[in-house]
Amino acid sequence: MKTCLIVDDSRVVRKVARRIVEDLGLQCDEAEDGQKAYEACEKTMPDAVLLDWNMPVMSGIEFLEKLRQMPGGTAPKVVFCTTENDLAHITRAVQAGADEYIMKPFDSDIIRDKFSQVGII
Amino acid sequence: MHIRDFDFYKDFLYKKSGLSLTSDKSYLLDSRLTPIARQFGYASLDAMTTTLRAVPPQDLVKAVVEAMTTNETSFFRDSKPFDTFRDTVLPYLLKKRATTKRLRIWSAACSSGQEAYSLAMLLKEKANLTAGWTIEIMGTDISEDIVAQAQKAEYSQFEVQRGLPIMLLMKYFTQVGDRWQLRDDIKSMVKFKYFNLLDNMAALGTFDIIFCRNVLIYFDPPLKKQVFEGMARQLSDDGFLFLGGAETIMGFTETFKPLGQYRGLYGLTKTEYDQESLAQTGS
Ligand SMILES: C[S@@+](CC[C@H](N)C(=O)[O-])C[C@H]1O[C@@H](n2cnc3c(N)ncnc32)[C@H](O)[C@@H]1O
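One line per chain: the protein sequences are W and U, in this order.
Heads up, the first sequence is in our numbering, so the first residue is 1 and it goes up one at a time.
Heads up, the second sequence is in our numbering, so the first residue is 1 and it goes up one at a time.
Everything labelled a hint here was simulated from the structure, so no lab data went into it.
Positions of the beta carbon are idealized from the N, C-alpha and C atoms, including for glycine.
This list has only true hints and no planted wrong ones.
With a straight-line cut-off of 27 Å between C-alpha atoms, the simulated DSS-like cross-links for lysine-lysine are:
| # | chain 1 | residue 1 | chain 2 | residue 2 |
| --- | --- | --- | --- | --- |
| 1 | U | K171 | W | K77 |
| 2 | U | K95 | U | K191 |
| 3 | W | K104 | U | K171 |
| 4 | W | K77 | U | K80 |
| 5 | W | K15 | W | K77 |
| 6 | W | K77 | U | K126 |
Label pairs and their in silico Cβ distance ranges:
| # | chain 1 | residue 1 | chain 2 | residue 2 | range |
| --- | --- | --- | --- | --- | --- |
| 7 | W | G97 | U | K191 | 33 to 43 Å |
| 8 | U | I217 | W | L87 | 33 to 43 Å |
| 9 | W | L87 | U | K126 | 22 to 32 Å |
Which chain U residues stay away from chain W? Per the calculated CB distances, all over 12 Å, these:
| # | residue |
| --- | --- |
| 10 | T34 |
| 11 | Q39 |
| 12 | K62 |
| 13 | T100 |
| 14 | A246 |
From just these sequences and the hints, can you work out the full model?
Take a look at the structure:
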């Protein structure tokens, strides 16, 4: 079973996203900020990361830059999922190594589309 | 709604657009036509129905037909047919048309244009293979509103997230407020116009590829047959037809046959397609 790390500082968003991603057949883990996500990846590298941008302690983009430097850190498919919805943010995310980008609000169809585009499902 | 009014609309819509309205969908008549009645200044839906029965004004007929169509669509809908187009059908036809260097593609029942523009983006991505070619993409629909939207090529945040890879959004769209405008270089690759699939197709000319997806599901068998046979006449001898995920020719017409392993892809029964090169080009 493939694994997905869900990174968002909102418990509610994590819960909603988790249910959607689990329905796609992935096993989920959660982190509430970039730092926690980084620590989780040090333990086990997930197959996919669903990543918020604005979070306390460490932002999503900082986490992504660090992740891509880690051993094995280029493997996970990273899908941003954020309220930042302008071209500048999208470009920056892709340059930092994001595979896909979801602009909130999202629904299960969008997550399914994006996960299938990056080849996770 | 009275049963005889339901019967009237059923017959009316069938004749005007081919829609086969089943009685379980009768609630749609009330919910979609009541706003039309109001918009055209009728006191009630009944009053509008009376006029439609007696002396139907052209613009009201159009509005009623449009209100009853389903316009649901998305970029790269179902994704597979677009892979088949890019990896199999396109290379096949590029080889076959190497001397004329011309291709015509028809997105029949194009809705707000996502299907046609998805093809245009794929072609743009393969621009190195088509230098010097004249490739025409035509999108048609029975709804003038939706054709105008397709021409405008401006989409909501929600629409650009359905099926459209982020790389293509970055490359081919510009952001205007909270909406996304397709760039002119893609937009100009597609021409849109009003066309009713029940009408004679001859004036549209000949196509090499026809996408006719998620519209024939609303038609009954005789109309499906009529449309398939019309399309067969407009398709070049070694052309291709793509149908939607829930659609088939099976049981409706003998003029088309499924093409091997590619789901939703059909060719003319009378034509021997070069199976080997169809299989090879799939890379
Ligand atoms: C569900 S959409 C399909 C759009 C697109 N082909 C796709 O697969 O996503 C169906 C479209 O068919 C159009 N339509 C319905 N009846 C039609 C007819 N008789 N002639 C042309 N278009 C028609 C509707 O206006 C609507 O935009």
